[in-house]
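Chemist: Each chain, letter by letter, is given below.
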Amino acid sequence: MDSFLADAREFVPILLQGVWLTILITVGSLVVSTALGLVWAMMRVSGVRALSFFAATFINVIRGIPIIVQLFYIYFVLPDFGLSLSAVQAGVLGLGLAYSAYQAENFRAAIEAIDKGQVEAARTIGMGWGLTMRRVLLPQAFRTALPPFGNVMIMMLKDSSQASTITVAELALQGKLIASATFKNTSVFTLVALMYLTLSLPLILIVRHFEKRAGRR
Amino acid sequence: MIELDDVRKSFGALPVLKGITARVEKGEVVCVIGPSGSGKSTVLRCINGLESYDSGTIRVNGRRVDRSDRSIRAVRVQVSMVFQRFNLFPHRTALENVIEGPIYVKGEDRKEATERGRALLARVGLAGKETAHPPQLSGGQQQRVAIARALAMRPRVLLFDEPTSALDPERVAEVLRVMRALAEEGRTMLVVTHEMAFARDVAHRVVFLHEGRIEEDGPPEQVFSAPRSDRFRQFLARGE
Chain A
1 MDSFLADARE FVPILLQGVW LTILITVGSL VVSTALGLVW AMMRVSGVRA
51 LSFFAATFIN VIRGIPIIVQ LFYIYFVLPD FGLSLSAVQA GVLGLGLAYS
101 AYQAENFRAA IEAIDKGQVE AARTIGMGWG LTMRRVLLPQ AFRTALPPFG
151 NVMIMMLKDS SQASTITVAE LALQGKLIAS ATFKNTSVFT LVALMYLTLS
201 LPLILIVRHF EKRAGRR
Chain B
1 MIELDDVRKS FGALPVLKGI TARVEKGEVV CVIGPSGSGK STVLRCINGL
51 ESYDSGTIRV NGRRVDRSDR SIRAVRVQVS MVFQRFNLFP HRTALENVIE
101 GPIYVKGEDR KEATERGRAL LARVGLAGKE TAHPPQLSGG QQQRVAIARA
151 LAMRPRVLLF DEPTSALDPE RVAEVLRVMR ALAEEGRTML VVTHEMAFAR
201 DVAHRVVFLH EGRIEEDGPP EQVFSAPRSD RFRQFLARGE
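So the protein lines, in turn, are chains A and B.
Just so you know, UniProt numbering puts 13 at position 13 of the first sequence, and the rest follows in order with no gaps.
Just so you know, UniProt numbering puts 178 at position 178 of the second sequence, and the rest follows in order with no gaps.
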């Protein structure tokens, strides 16, 4: 135990640098995936065939390819086509794209769960598509979508470790580097696990709060 | 105000409207009655473009109703609708439901719209309920909020699609009372209903629809006391 505490004192500052990158990747890709997910979901429910088809195809392609392969593609293949991104940018973009597919399906389900009478009521007071979406459907859909959205946040936090495969020195990679340099596997990976858990806990509490609120309706 | 000329519509192979020709004049209250499946709600929904129709013409204030055209929004602003299931926006308060259209569709000043919204809620007997959300209100109260929401658009015509059919019996009267008051102030109303007493007392004209056709059209005293069609006689006998 004493040696663990000594190790902790030594390694935590280094690991915290990784934590910073983990948070950066998670928040960045959360923003990207939410925005893109909303776009795909809107296209899916737009009623315009071409848009819906395009979004559905994109979603299925993304869902059918492992995140790690998507990251490799963005980081190692895109430069061949003249688009070079930094490792962090590629990580944010890759995880953002990958998760946008799940977010889209979540948002779409929430929108489609709303009673058809809502759209009719909006139409009868003269609202067009955009206004109906913004004032009537999305505010209601967000409430339904919140609990699964919280779960996506937790999954994204953990999946941000996949960015280590394209050299982003986030928490997991930082841990691996220290462990292989010091051979103190137990201390290092216990610390890494504890740090992920510490980051997840607030998210888990938020999800629980969302679910309670949703259950009350 | 509303003109229907040989309006026909099918759902797939099933014809629901088989040539409806009718007029609603300004200030007239017309009740549409008929068995379920007779097409009465469909007529209403065609008038404000919630449904398309296959042939014939519908005009509101001289403007052709075409669901696929942008002009439909202008029609809808003039023609407010009250639904069987209220369809209030559950995430907004009673007052917000009422002022939503005036502010976001018509671009009215928020302060004025709010003032009018409060007055409208008071008119339907819901002063003090401004901040209640729809789930906190009874069915009758929700329907009265829906009527206030419809009125807030300053419509030229009010459409009611079985406004009391989803209500508990003891809540029906409070909604009918509000509708009666609206009729008395000379509003143009087209009401699909099963409330025969309302049709008899309030309507200027009663239209009986059966299997997509108008079987009877006339003032209530004439239609109810001397019905011309056998089907209407049967319908009345079964209902009362």
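Since the hints were made in silico from the structure, they are not lab data.
We put the beta carbon where it would ideally sit given N, CA and C, even for glycine.
Incorrect hints may have been included.
Just the calculated beta-carbon pair ranges, DEER-fashion [stated by the list, open to error]:
#, chain 1, residue 1, chain 2, residue 2, range
1, B, D6, A, I206, 42 to 50 Å
2, A, G128, B, Q222, 37 to 45 Å
3, B, G12, A, R213, 28 to 36 Å
Computed cross-link-like contacts, SDA-like style, restricted to lysine to any residue with a CA-CA straight-line distance of at most 20 Å [as the list claims (entries may be wrong)]:
#, chain 1, residue 1, chain 2, residue 2
4, A, K116, B, D201
5, A, K116, B, R171
6, B, K26, B, D201
7, B, K106, A, M43
8, A, K212, A, L131
9, B, K106, A, I14
10, A, K116, B, T57
11, B, K106, A, K212
12, A, K184, A, V45
13, A, K176, A, T190
14, A, K158, A, G128
15, A, K116, B, R85
16, B, K106, A, T132
17, A, K116, B, R73
18, A, K116, A, G150
19, B, K106, A, N185
20, A, K176, A, L16
21, B, K111, B, G139
22, A, K158, A, W20
23, A, K158, A, L194
24, B, K18, B, G37
25, A, K116, B, F89
26, A, K184, A, I14
27, A, K116, B, E51
28, A, K116, B, R92
29, B, K111, A, R135
30, B, K18, B, E185
31, A, K116, B, H91
32, B, K106, A, V119
33, A, K116, B, S68
34, A, K212, A, G150
35, A, K116, B, I72
36, B, K26, B, S68
37, A, K158, A, T57
38, A, K176, A, I166
39, A, K116, A, Y102
40, B, K106, A, Q118
Chemist: Each hint should be assessed against the structure and marked as holding or not.
Modeler: Right, here's what the structure says about each hint:
1. Under the hint 42 to 50 Å, the C-beta atoms of B/D6 and A/I206, about 60 Å apart, miss the expected range.
2. The hint said 37 to 45 Å for the Cβ distance between A/G128 and B/Q222, and at roughly 43 Å that hint holds.
3. Between B/G12 and A/R213, the C-beta spacing of about 42 Å breaks the proposed range 28 to 36 Å.
4. The straight-line distance between the Cα atoms of A/K116 and B/D201 is roughly 34 Å, outside the 20 Å bound, and the hint therefore fails.
5. Distance hint between A/K116 and B/R171 is unfulfilled; the C-alpha atoms sit about 24 Å from each other, more than 20 Å.
6. For the hint linking B/K26 to B/D201, the alpha-carbon distance of about 19 Å falls within 20 Å, and the restraint holds.
7. Pair hint B/K106 plus A/M43 does not hold up; C-alpha atoms about 27 Å apart against a cutoff of 20 Å.
8. With a C-alpha separation of about 30 Å, the suggested pair A/K212 and A/L131 falls outside the 20 Å cut-off, and the hint is violated.
9. A distance of roughly 59 Å separates the Cα atoms of B/K106 and A/I14; the hinted pair therefore is violated under the 20 Å criterion.
10. For the suggested pair A/K116 and B/T57, the alpha carbons sit about 26 Å apart, so the restraint of at most 20 Å is broken.
11. For the hint linking B/K106 to A/K212, the alpha-carbon distance of about 38 Å lies beyond 20 Å, and the restraint is violated.
12. Using a Cα cut-off of 20 Å, the hinted pair A/K184 and A/V45 is violated, with the two alpha carbons roughly 53 Å apart.
13. For the hint linking A/K176 to A/T190, the alpha-carbon distance of about 12 Å falls within 20 Å, and the restraint holds.
14. Note on A/K158 and A/G128: the hinted pairing is violated, with a Cα-Cα distance of about 40 Å set against a maximum of 20 Å.
15. Among the hinted pairs, A/K116 with B/R85 is consistent with the structure: their alpha-carbon atoms are about 11 Å apart, no more than 20 Å.
16. This hinted pair checks out: B/K106 and A/T132 have alpha carbons roughly 14 Å apart, not beyond 20 Å.
17. For the given pair, A/K116 sits about 18 Å from B/R73 by alpha-carbon distance, which is consistent with the 20 Å threshold.
18. Pair hint A/K116 plus A/G150 does not hold up; C-alpha atoms about 26 Å apart against a cutoff of 20 Å.
19. Restraint check: the Cα-Cα separation between B/K106 and A/N185 comes to about 67 Å, which exceeds 20 Å; the hinted pair is violated.
20. At most 20 Å may separate the alpha-carbon atoms for a hinted pair to count; A/K176 and A/L16 meet this at roughly 14 Å.
21. This hinted pair does not check out: B/K111 and B/G139 have alpha carbons roughly 28 Å apart, beyond 20 Å.
22. Restraint check: the Cα-Cα separation between A/K158 and A/W20 comes to about 14 Å, which is no more than 20 Å; the hinted pair holds.
23. Between A/K158 and A/L194 the CA atoms are separated by roughly 12 Å; this keeps the pair inside 20 Å, and the hint holds.
24. Using a Cα cut-off of 20 Å, the hinted pair B/K18 and B/G37 holds, with the two alpha carbons roughly 13 Å apart.
25. Restraint check for A/K116 and B/F89: the C-alpha separation of about 12 Å stays at or below 20 Å, so the hint holds.
26. Our distance criterion of 20 Å between C-alpha atoms is met by A/K184 and A/I14, whose separation comes to about 14 Å.
27. The hinted pair formed by A/K116 and B/E51 meets the criterion: a straight-line CA distance of about 13 Å does not exceed 20 Å.
28. Using a Cα cut-off of 20 Å, the hinted pair A/K116 and B/R92 holds, with the two alpha carbons roughly 17 Å apart.
29. Of the supplied pair hints, the one linking B/K111 and A/R135 holds, its CA atoms being roughly 19 Å apart against a limit of 20 Å.
30. Taken as a hint, the B/K18 and B/E185 pair is broken in the structure, with Cα atoms around 34 Å apart against an allowance of 20 Å.
31. In summary, the hint linking A/K116 to B/H91 is supported, as the alpha carbons are separated by about 15 Å, within the 20 Å threshold.
32. Pair hint B/K106 plus A/V119 holds up; C-alpha atoms about 18 Å apart against a cutoff of 20 Å.
33. Between the alpha carbons of A/K116 and B/S68 the distance comes to roughly 19 Å, so the proposed pair stays at or under 20 Å and holds.
34. Proximity of A/K212 to A/G150 is assessed by CA-CA distance (about 13 Å); at most 20 Å being required, the pair is judged to hold.
35. A distance of roughly 19 Å separates the Cα atoms of A/K116 and B/I72; the hinted pair therefore holds under the 20 Å criterion.
36. For a cut-off of 20 Å, the pair hint linking B/K26 to B/S68 is broken: about 26 Å separates their Cα positions.
37. For a cut-off of 20 Å, the pair hint linking A/K158 to A/T57 is broken: about 27 Å separates their Cα positions.
38. For the proposed pair A/K176 and A/I166, the alpha carbon gap of about 14 Å is at most 20 Å, so the pair holds.
39. Taking the CA atoms of A/K116 and A/Y102, the gap is near 24 Å; set against the 20 Å cutoff, the hint is violated.
40. Of the supplied pair hints, the one linking B/K106 and A/Q118 holds, its CA atoms being roughly 19 Å apart against a limit of 20 Å.
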